[in-house]
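My request is simple: use the sequences and hints to build the entire structure.
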Amino acid sequence: MKLLGFLLLASGWAIALAAVILLKTLPQRSVFVIAGIGVEVLGLMLVVRAHQAARGLSE
Amino acid sequence: MTPVSVLCLFFIFLAPLAPAGISLINTGLGRSRSAAHAMLASLCVIAVAAIAYAICGFAWQGVAGGPAHSFRAAGNEWNWIAAEPLFLRGRPMDGSPASLVILLQMLGAGLAALIPLGSGADRWRLGASCASAAVLAGFTYPLFAHWVWGGGWLAQLGVNYGLGHGFLDAGGASCIQTVGGLTALSVALILGPRRAKFVTGGLPAAIPGHDAVVVLFGCFLAWLGWLGLNAAGAILFTGAEPGRVVLVAANTTLCAAAGLLAAVATTSVRFGRPDASLCANGWVGGLVASSAACAFVPPAAALAIGLIAGVLVTITIAYVEMPLSIDDPGGAISVHAAASLWGVLALGIFAQFPDNPSGQWLAQLVGIATLLGFVFPLTYSLNWILNRVASQRVAPEGERQGMDLYELGAGAYPEFVTHNDEFTQL
Numbered sequence: 001m002k003l004l005g006f007l008l009l010a011s012g013w014a015i016a017l018a019a020v021i022l023l024k025t026l027p028q029r030s031v032f033v034i035a036g037i038g039v040e041v042l043g044l045m046l047v048v049r050a051h052q053a054a055r056g057l058s059e
Numbered sequence: 001m002t003p004v005s006v007l008c009l010f011f012i013f014l015a016p017l018a019p020a021g022i023s024l025i026n027t028g029l030g031r032s033r034s035a036a037h038a039m040l041a042s043l044c045v046i047a048v049a050a051i052a053y054a055i056c057g058f059a060w061q062g063v064a065g066g067p068a069h070s071f072r073a074a075g076n077e078w079n080w081i082a083a084e085p086l087f088l089r090g091r092p093m094d095g096s097p098a099s100l101v102i103l104l105q106m107l108g109a110g111l112a113a114l115i116p117l118g119s120g121a122d123r124w125r126l127g128a129s130c131a132s133a134a135v136l137a138g139f140t141y142p143l144f145a146h147w148v149w150g151g152g153w154l155a156q157l158g159v160n161y162g163l164g165h166g167f168l169d170a171g172g173a174s175c176i177q178t179v180g181g182l183t184a185l186s187v188a189l190i191l192g193p194r195r196a197k198f199v200t201g202g203l204p205a206a207i208p209g210h211d212a213v214v215v216l217f218g219c220f221l222a223w224l225g226w227l228g229l230n231a232a233g234a235i236l237f238t239g240a241e242p243g244r245v246v247l248v249a250a251n252t253t254l255c256a257a258a259g260l261l262a263a264v265a266t267t268s269v270r271f272g273r274p275d276a277s278l279c280a281n282g283w284v285g286g287l288v289a290s291s292a293a294c295a296f297v298p299p300a301a302a303l304a305i306g307l308i309a310g311v312l313v314t315i316t317i318a319y320v321e322m323p324l325s326i327d328d329p330g331g332a333i334s335v336h337a338a339a340s341l342w343g344v345l346a347l348g349i350f351a352q353f354p355d356n357p358s359g360q361w362l363a364q365l366v367g368i369a370t371l372l373g374f375v376f377p378l379t380y381s382l383n384w385i386l387n388r389v390a391s392q393r394v395a396p397e398g399e400r401q402g403m404d405l406y407e408l409g410a411g412a413y414p415e416f417v418t419h420n421d422e423f424t425q426l
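Protein chains in written order, with the working numbering: chain A, 1 to 59; chain B, 1 to 426.
Note that these hints are calculated values from the structure, not bench results. Among the hints, a few may not be true.
Cut-off 25 angstroms, straight-line C-alpha distance, at most; resulting in silico cross-link-like pairs (SDA-like, lysine to any residue) [to be verified]:
hint, chain 1, residue 1, chain 2, residue 2
1, A, Lys2, B, Val389
2, A, Lys2, B, Ser325
3, B, Lys197, B, Tyr319
4, B, Lys197, A, Arg55
5, B, Lys197, B, Ala276
6, B, Lys197, A, Ala53
7, A, Lys2, A, Ala53
8, A, Lys2, B, Leu378
9, A, Lys2, A, Ile37
10, A, Lys2, A, Gly38
11, A, Lys2, B, Pro377
12, A, Lys2, B, Ala276
13, A, Lys24, B, Glu77
14, A, Lys2, B, Pro193
15, B, Lys197, B, Arg400
16, A, Lys2, B, Phe139
17, B, Lys197, A, Met45
Please read all numbers here as calculations on a predicted model, not as lab measurements.
Set out below in structure tokens:
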């Protein structure tokens, strides 16, 4: 789960970068950059949840 | 030296008060049995960070226009890391802008490395915190700082892709505060919570800081330090003329003031009375949020930035503790990561430029995406590797005794009568 979280974090960054490079207009870029950050937030939550789950198991 | 360099040097000499203040805040918010350890760890971390930055940090960071490695992709140059010599060779310390940048960045790296001590308080070994500081100041911090302040690809988003003036950060909200705050999150996750902080199935135990006076005095010192940090950064990294320093100082103070009052109001509503430690965090959160935009926004906008930062900090501190179950005794994740990300975004929303370019807020968002999607995984991985090499967390016996006795052999307050601590009975 933690690895998946980090994968989402990196993917979100890649989406944001790709939007800036590949798209031309400001609204298009904005939508995709915001979507990329959304993916990153999901990844961050997954990383935190993975730590919670691991701690629960060890307890 | 030019008069501007002398003025800048004066501000840089104020900047060490920022780490001094943060050290006091971290120490006061921890337990009395770990107070000496917390202060010594602060000094050691600053020392290690300064040396690591001088050895290799500046070589990766460099200055805008200096030698750098870049590659060509999608029709543009991507400047990703500096190519300066190690050990600061070939850079005369003569009051030139480059030498002033080196001096300021040595302090900046120290401040960034200090921030994780807040989240790792009461359980992070001294040696492990020094190793983490070396990695942060020697690699993670300089790499991102190069992208922002060394003429890297984030700074060039405006030239290459028409996004405003590129990613901007006058006083280090992203380079210093967010990088430090995300490292604090990594450290808190890797170390895990203090013993008995989270009882299975129960509410988190309140483990109050041991000295509110020290915490609040730290806020005063941090204020002075931030004035120096923001003013020097505005001159060196954004080319602000000396007269603009007045606006920087006013905005820094207004942000902190609004952050404090917002925290007072928020905690009064939630708990029926103001909470000293949360209010201190609100003050520092305002300072942190001011760093990015202090040279670009009018005072009314600074007030709004500080108000939102104060509310954000108090809410995220509770959120980090309760649903997320992350033990962050110093509130470092909320104060330094959350407030600084807001400050970076606020620049894009409120900044006023004579040429009024479009897309500045998008450049700021790309910077935020980079911090979350690249810097956090990087700093987490590096600290995870360090933890695999040697455990970062102190042994259970050390937590029970306190870090002072276990690692230093003597307590910070030897004349105090030690009482039975209810937090270590479990």
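CA of Lys2 of chain A to CA of Ile37 of chain A, is that 25 angstroms or under?
holds, 18 angstroms
Taken at face value, is the distance from the CA of Gly38 of chain A to the CA of Lys2 of chain A at most 25 angstroms?
Holds: Lys2 of chain A and Gly38 of chain A sit about 17 angstroms apart, inside 25 angstroms.
25 angstroms limit on alpha-carbon distance, applied to hinted pair Lys2 of chain A and Ala276 of chain B
Violated: Lys2 of chain A and Ala276 of chain B sit about 36 angstroms apart, past 25 angstroms.
Is the hinted pair Lys2 of chain A and Leu378 of chain B satisfied, with a Cα-Cα distance of at most 25 angstroms?
Roughly 14 angstroms between the alpha carbons, so the hint for Lys2 of chain A and Leu378 of chain B holds.
Given hint Ser325 of chain B paired with Lys2 of chain A - CA-CA distance at most 25 angstroms
The given pair, whose Cα atoms are some 16 angstroms apart, holds under the 25 angstroms limit.
Please work out if Lys197 of chain B and Ala53 of chain A have their alpha carbons no farther apart than 25 angstroms.
Roughly 16 angstroms between the alpha carbons, so the hint for Lys197 of chain B and Ala53 of chain A holds.
If you draw a straight line from the CA of Lys197 of chain B to the CA of Tyr319 of chain B, is it 25 angstroms or shorter?
holds, 15 angstroms
Would you check the hint for Lys2 of chain A and Val389 of chain B, treating anything up to 25 angstroms between C-alpha atoms as holding?
Holds. Lys2 of chain A to Val389 of chain B sits at ~20 angstroms (cutoff 25 angstroms).
Would you mind confirming whether the straight-line C-alpha gap from Lys2 of chain A to Pro193 of chain B stays at or under 25 angstroms?
holds, 18 angstroms
For the pair supplied as a hint, Lys2 of chain A and Phe139 of chain B, is the alpha-carbon distance within the 25 angstroms limit?
holds, 24 angstroms
Does Arg400 of chain B lie within 25 angstroms of Lys197 of chain B when you go C-alpha to C-alpha?
Measuring from Cα to Cα gives roughly 13 angstroms; hence the hint holds.
Given the hint that Lys2 of chain A pairs with Pro377 of chain B, does the C-alpha gap stay at or below 25 angstroms?
holds, 11 angstroms
Going through the hint list in order, the structure does not satisfy hint 12, though it satisfies all others.
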